[in-house]
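Trainee: Single-letter residue listing:
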Amino acid sequence: MKNFKKYFPFYDKQSNLIYFDSSATSLKLKKVIEAEMKFLNENGSNPHAVDYKKGFEAFEIIKNARQLTQEFINAKKANEIIFTSGTTHSINLLANGLKKIIKKDDEILVTELEHSANLLPWIALANSIGAKIKKIKLNEDFTIDQEALKLQLSDKTKIVSFASVYNTVGAKNDVKLITKVIKEFNNNIIVHVDAAQSIGHTKNDVTDSNIDFMSWSFHKMYGPFGVGCLYGKYELLNQLEPLFYGGGMSLKIEENLIDYSLSSLPEKLEGGTPNISAIAGVIESIKFINSIGLDQIEEHELTLKDYFKIKVKENNLNDHITFYNLDTKSPIILFNVKGVNPQDITNFLDEKYNILVRGGANCARRIEGVIGTKIAIRASFGINNNKAEIDQFIEALKNTNSFLDVLF
Amino acid sequence: MIDINDDILLRKILMKHFTEPENSGLKNIANAIIKDAKSQTCADEMKIEILVENNIFKEINFEGTACAVATSSADIFFNLIKNKSLEDTKKIIYQYQNFLNTGDLSEIDLLEDLVVFKNINKQKNRILCANLAIEAINEIIE
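Respectively, the protein sequence lines represent chains G and V.
Using full-length UniProt numbering, the letters of the first sequence correspond one by one to residues 1 to 408.
Using full-length UniProt numbering, the letters of the second sequence correspond one by one to residues 1 to 142.
So that you can see chain V by itself, here it is in the shape it has in the complex (with noise of 0.2 Å):
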């Protein structure tokens, strides 16, 4: 299990998603959802196309412009629930909005590298770039 308190490595995990986002690029997948995750408060904004069969999450990509916040936290948290049903989903949501706004990190197993966000409760406008693309799962789910 990642160790929380190795800010190097946290660090390499965020740099690493950021620059090289697993997940970056969209396929023009038939069936699949194309949503809009669009800033309100910052020009962020990244087009996700999300591929749902049998209510999991069969495939996730996106493209855009956003920064190392909003960019990483896309890339792990779709890492994180590819496969997993829309119900799991919705628990971890649950859980890293939680920790976003706390820095709870009593269900830590559930975050896995979502961890990277440690310290984000403490500043809170980048909440919300740490947010972005999970409220806009969290509006497919809903």
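With the rest of the complex left out, here is chain G (with noise of 0.2 Å):
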């Protein structure tokens, strides 16, 4: 197994940390900081100030960024690729851009998996034009029940948006299968996939899996805060009205002060400056996954995965702890310890392991109709962990009744 760590500067001085929460942001790159920093201490200047070199370099660094963007995805087109602050942003931007489009009694299909950034804006939006918001059917290993959707398609359906993975169990659904049976059902109904869980662990193709719309953070994918992705099929992504209006979008406004005329896209839906700085954090780390390779990636992570289920069954953890992902093919583990409240199991993990994982309802706060209950814990492994943290982690979930030693 190739360590990995030396990549990551969180580990410089403190080696000792295990960082298993990287399905709520991933670790950050040496080059990703590098690349920010190089950018603020040697630019800083406004990319739509492309008179001077300066601001014309910050120009070239988006339109890089955009370039290597559409390549990660196999869009068809750069100018398919928007620039947001992140997965909210961009499933917001989608949602209120569909405002037009979408009509009184129309259905929007989504799971109850999805974590809070691909429901709200959906409910926020059926709620202001009366839409109704229908919830897809699972399969008993939490993926999408294409048969059980093939039935709930109809005339009304006008969205179905899904995670292609999980946030809390993790599980991976085919995105490809799943699109082929919306789309021969009805081609115009339009599919948006939520690849925040995804995009770092396993490949996306959009113009493979033909999806209409799909949302990220590079915060995922080893890269900056602050900065995600809206990619959409170019001429449905021109009918979304923008979410903001400003700076850089607009060509002409007219001197009534009623009528204007935008920018195309993507400058369209991109009003205001960007974050700039994270944008060339970006680059860096898009080359880096692209230097791995995401196969490789996605192979690591689940080694770990296969090894600590393995290990969970050597020690009999099952006898005291509620397992209930175990099996499905992403990076993350979700359980609760029997009898004891998520909280003081991550605060234990942390005090006396230097293990780092979430507890709680994880942002998908509709999963107690899936697993039963809306809490527990979830720890999720990135390429920075190995078989090492692993164990170490059995060590601790081994002597989960000590649990209260934290506190005296």
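Worth flagging that the hints you see were computed from the coordinates, not collected in a lab.
Accuracy of the hints is not assured; some may be wrong.
Said to hold, decoys possible - Below are the DSS-like pairs computed for lysine-lysine, each with C-alpha atoms no more than 27 Å apart in a straight line:
#1 V:Lys47 with V:Lys27
#2 V:Lys12 with G:Lys338
#3 V:Lys35 with G:Lys374
#4 G:Lys374 with V:Lys47
#5 G:Lys352 with V:Lys118
#6 V:Lys38 with G:Lys338
#7 V:Lys124 with G:Lys338
#8 V:Lys122 with G:Lys398
#9 V:Lys47 with G:Lys338
#10 V:Lys16 with G:Lys338
Hey, can you piece these two chains together into the complex? The hints should help.
Mentor: Below you can see the structure in the form of structure tokens.
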């Protein structure tokens, strides 16, 4: 198993910490941090200020990042890539942008496992125009039930929005097949994929899967905070109403202060000065993932999960711990220690074993309907992790009956 | 008086209030105030039923899902302020919150079993847990 820790300055002064929260955000690469700093130290100008060399350099950084992003997800055109502040912004931009297209009594299909960013914007959209949200049925392994989905689709269905991988149970949907089912029923139904949880771990090919829109954040691919992406097929993307109006997106405002014309894509949907220092970091995060290869990353992470599964069995951890998703194909472990609240365990793991995991609802507020509890502990792996850390984790889980030791 | 250095005893007190809280279960008391205590940072949540008569806390019950620290602190605290005036409770809250933040034990008599949280000040994220129900009562007093 390769050691990737050297790429992450996180470990430089605290090599004892075990970071198992890549689902919330991945650790940041040295090269990403350096690229952000380099831009801030040596440039810092506005990418809209192309009149002088430094401004043009900033403009070129965005162009370069957009092209790399296009290639990364295999989009057909670079102007199908809209930079946003993150997944939440992307999905709000999309949901808001579809306001004129969605009508009263239309249906929007989602699953109960979506995190808040892929639920609230749709609920708000539906409520504002009297459309309806419908839940997509799930299989026992938490993936979308394609047969049930066929029956749920109707003439009223306008949008289907789901995660490629869920941030809690980690089930991986077959995006291509699900999209095929939807498009065969009606090619005009808009398919949106929330790739926040999968983008840094597995290939998301928008052309091959034929989806219409995709959202994610770069901070989950070892990249910078504060920048994400909305991908959309050009014709559909071009129909979206902007969420923000401002600088860099308008071509002309008439003297009557009524009429205006907007720039073409992508600027049309990118009003305001972008997070340019973060976008400089985006370039390095994509280059890094490309250099390792998503297939290698996925293999590394799934090897860790398989190893964890074996160790759970060897140590009979099932006796006092409920594991909800050991068999899903993503590097996320969701569990509860019987009779103990998650936060007591996350605190114990942190204080006694330097293991950083999350407890609680993990932003997927409707998960209760799927796993029977609304709170659980989530450990999520990245390429920065190794088997020795899993061993330490297993050791900690063997000793959870001492969880109160942290207080005395 | 409780021996604050007897960690085994303190641990027992905390566990008992977590696993068998004495004030658990709402009673649908007429004229009771219902207050939701919901953490902003984690999934802990409690519904608290409070009956105040003549400025005295006559009854306090709660239910919900919360960690060991939040549950036991609520249960111990409710025992402590029952039949006490709003004014006296305010003093206890002031001392308790100071104790949570700093570990200051100068008013140990006032806090009674709440001293089980003597080390919380060293783990700042758990102060929120130990304060969850107490903050809800504080809001009612204010």
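Trainee: Take the C-alpha atoms of lysine 47 of chain V and lysine 338 of chain G, compute the straight-line distance between them, and say whether it is at most 27 Å.
Mentor: Measuring from Cα to Cα gives roughly 23 Å; hence the hint holds.
Trainee: Within a Cα-Cα threshold of 27 Å, do lysine 352 of chain G and lysine 118 of chain V meet the stated pairing?
Mentor: Status holds; Cα separation ~18 Å.
Trainee: Taken at face value, is the distance from the CA of lysine 27 of chain V to the CA of lysine 47 of chain V at most 27 Å?
Mentor: holds (12 Å)
Trainee: Do the alpha carbons of lysine 16 of chain V and lysine 338 of chain G lie within 27 Å of each other, as the hint requires?
Mentor: Holds - the C-alpha atoms of lysine 338 of chain G and lysine 16 of chain V are around 17 Å apart, at most 27 Å.
Trainee: Taking 27 Å as the top limit, are the C-alpha atoms of lysine 12 of chain V and lysine 338 of chain G close enough?
Mentor: Holds: lysine 12 of chain V and lysine 338 of chain G sit about 19 Å apart, inside 27 Å.
Trainee: Please verify whether lysine 122 of chain V and lysine 398 of chain G have alpha carbons no more than 27 Å apart.
Mentor: holds (25 Å)
Trainee: Mind checking the alpha carbons of lysine 374 of chain G and lysine 47 of chain V for me, to see if they're no more than 27 Å apart?
Mentor: Cα-Cα ~17 Å, so holds.
Trainee: Compare the distance between the alpha carbons of lysine 35 of chain V and lysine 374 of chain G with 27 Å, and conclude whether the hinted pair is satisfied.
Mentor: holds (21 Å)
Trainee: Just to be careful, I want the Cα atoms of lysine 38 of chain V and lysine 338 of chain G compared with a cutoff of 27 Å; is the pair within it?
Mentor: holds (23 Å)
Trainee: Take the C-alpha atoms of lysine 124 of chain V and lysine 338 of chain G, compute the straight-line distance between them, and say whether it is at most 27 Å.
Mentor: Since the Cα atoms of lysine 124 of chain V and lysine 338 of chain G sit roughly 26 Å apart, the hinted pair holds (cutoff 27 Å).
Going through the hint list in order, the structure satisfies each hint without exception.
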